[in-house]
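Enquirer: The residues making up each chain are set out below.
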Amino acid sequence: MQIEYYIYLAVALFSIGVVGVLTRRNAIIVFMCIELMLNAANLLLVAFSKMHHLAGVATNPNAGIDGQLFVFFIMVVAAAEVSVGLAIIVMMYRNVHSVDINFLNRLKH
Amino acid sequence: MGVTQLLFGFLSVLALLSAVMVVASKNPVHSVLWLIVVFFAISGHYIMLNAQFIGIVNLIVYAGAIMVLFLFVIMLMNLNSDSEPQKNKWSRLAGVVSGGTLMLVLIAALKNADEKRAIAQLQDGSIGLIENLGKVLFTEYVVPFEISSVLFLSAMVGAAVIGKKGD
Numbered sequence: 001m002q003i004e005y006y007i008y009l010a011v012a013l014f015s016i017g018v019v020g021v022l023t024r025r026n027a028i029i030v031f032m033c034i035e036l037m038l039n040a041a042n043l044l045l046v047a048f049s050k051m052h053h054l055a056g057v058a059t060n061p062n063a064g065i066d067g068q069l070f071v072f073f074i075m076v077v078a079a080a081e082v083s084v085g086l087a088i089i090v091m092m093y094r095n096v097h098s099v100d101i102n103f104l105n106r107l108k109h
Numbered sequence: 110m111g112v113t114q115l116l117f118g119f120l121s122v123l124a125l126l127s128a129v130m131v132v133a134s135k136n137p138v139h140s141v142l143w144l145i146v147v148f149f150a151i152s153g154h155y156i157m158l159n160a161q162f163i164g165i166v167n168l169i170v171y172a173g174a175i176m177v178l179f180l181f182v183i184m185l186m187n188l189n190s191d192s193e194p195q196k197n198k199w200s201r202l203a204g205v206v207s208g209g210t211l212m213l214v215l216i217a218a219l220k221n222a223d224e225k226r227a228i229a230q231l232q233d234g235s236i237g238l239i240e241n242l243g244k245v246l247f248t249e250y251v252v253p254f255e256i257s258s259v260l261f262l263s264a265m266v267g268a269a270v271i272g273k274k275g276d
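Chains as they are written, first to last, in my numbering: chain Z, 1 to 109; chain P, 110 to 276.
Any given hint might turn out to be false.
As the list claims (entries may be wrong) - Quick partial rundown of chain P residues pointing at chain Z, CB under 8 Å, derived from the structure:
1. I165
2. V166
3. L168
What the hints assert, rightly or not - Quick list of simulated restraints, FRET-style, between CB atoms:
4. P:I271 - Z:T59: 47 to 53 Å
5. Z:N105 - P:R201: 15 to 21 Å
6. Z:V77 - P:K274: 23 to 29 Å
7. Z:F73 - P:V214: 26 to 32 Å
8. Z:Y5 - P:V214: 17 to 23 Å
What the hints assert, rightly or not - A partial selection of chain Z residues facing chain P, derived with a Cβ cut-off under 10 Å:
9. A12
10. I16
11. R24
12. F48
13. A58
14. F73
15. A80
16. L86
17. V90
18. D100
19. I101
20. N102
21. L104
For the record, the hints were derived by calculation from the structure and aren't laboratory data. Cβ coordinates follow ideal geometry from the N, Cα and C atoms, glycine included.
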């Protein structure tokens, strides 16, 4: 499969994530759209890893393996991020009884 | 058109439609369920690329653990489409236009890249298997791997401290 199809797919998924962050006011949905963008980047990393593998496998049998390890580390960081982020959202809900991100503007006072 | 192209097209359309539904759904629970469909489609792409470890970890960690956490929080807060805060029409339109513009700019920037005809190897190649990934992870990447355990510990402590009741 040519790499350009993966690029277009990942760009479309990333843009849908950006649209979600810009158009929704529910903090949890905004968070889910960030996960969507992370996954678009992961998909592209794996596709590029397989592209470099095909190009460099003759000299190095492990060519391109770094891309897949980066995806692994991105998943590790995303899991940690979700646990802290959801704790913050639950805390915000307990204080203002809403998940509307517009309530977060009181942080500036 | 071979079966590979058909499968690629099906998974891509499934991922894109479900991603649109994540953003468009009024009910947050439906958004979570559509996002799980997106993760399954992306896992299908990983398995087509013979990145089996990443595909399974994506299912277990994202579709299994993270989305269940989201679902738990949404159901705990008893959110539904009635309590859903809505942006007004014009800022929603502005968001869609700027997101679409970002997509156009990215595609236009990448349209003439030299490498775009390069082939991403499907079905073949062994770098996605657990054996090879594990060997590299525990030799070259052992320091970041250990540091990520510290990150997890601090995230766990942070979540517990933030979520604590009182004061």
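Enquirer: Next, verify each hint and record whether it holds.
Expert: Status of the hints after comparison with the structure:
no.	hint	result
1	I165	violated (11 Å)
2	V166	holds (6 Å)
3	L168	violated (11 Å)
4	P:I271 - Z:T59: 47 to 53 Å	holds (49 Å)
5	Z:N105 - P:R201: 15 to 21 Å	holds (19 Å)
6	Z:V77 - P:K274: 23 to 29 Å	holds (28 Å)
7	Z:F73 - P:V214: 26 to 32 Å	holds (28 Å)
8	Z:Y5 - P:V214: 17 to 23 Å	holds (19 Å)
9	A12	holds (6 Å)
10	I16	holds (4 Å)
11	R24	holds (7 Å)
12	F48	holds (8 Å)
13	A58	violated (12 Å)
14	F73	holds (6 Å)
15	A80	holds (4 Å)
16	L86	holds (5 Å)
17	V90	holds (6 Å)
18	D100	holds (4 Å)
19	I101	holds (8 Å)
20	N102	holds (7 Å)
21	L104	violated (12 Å)
Violation of the numbered hints given earlier is confined to hints 1, 3, 13, 21; the remaining hints are satisfied by the structure.
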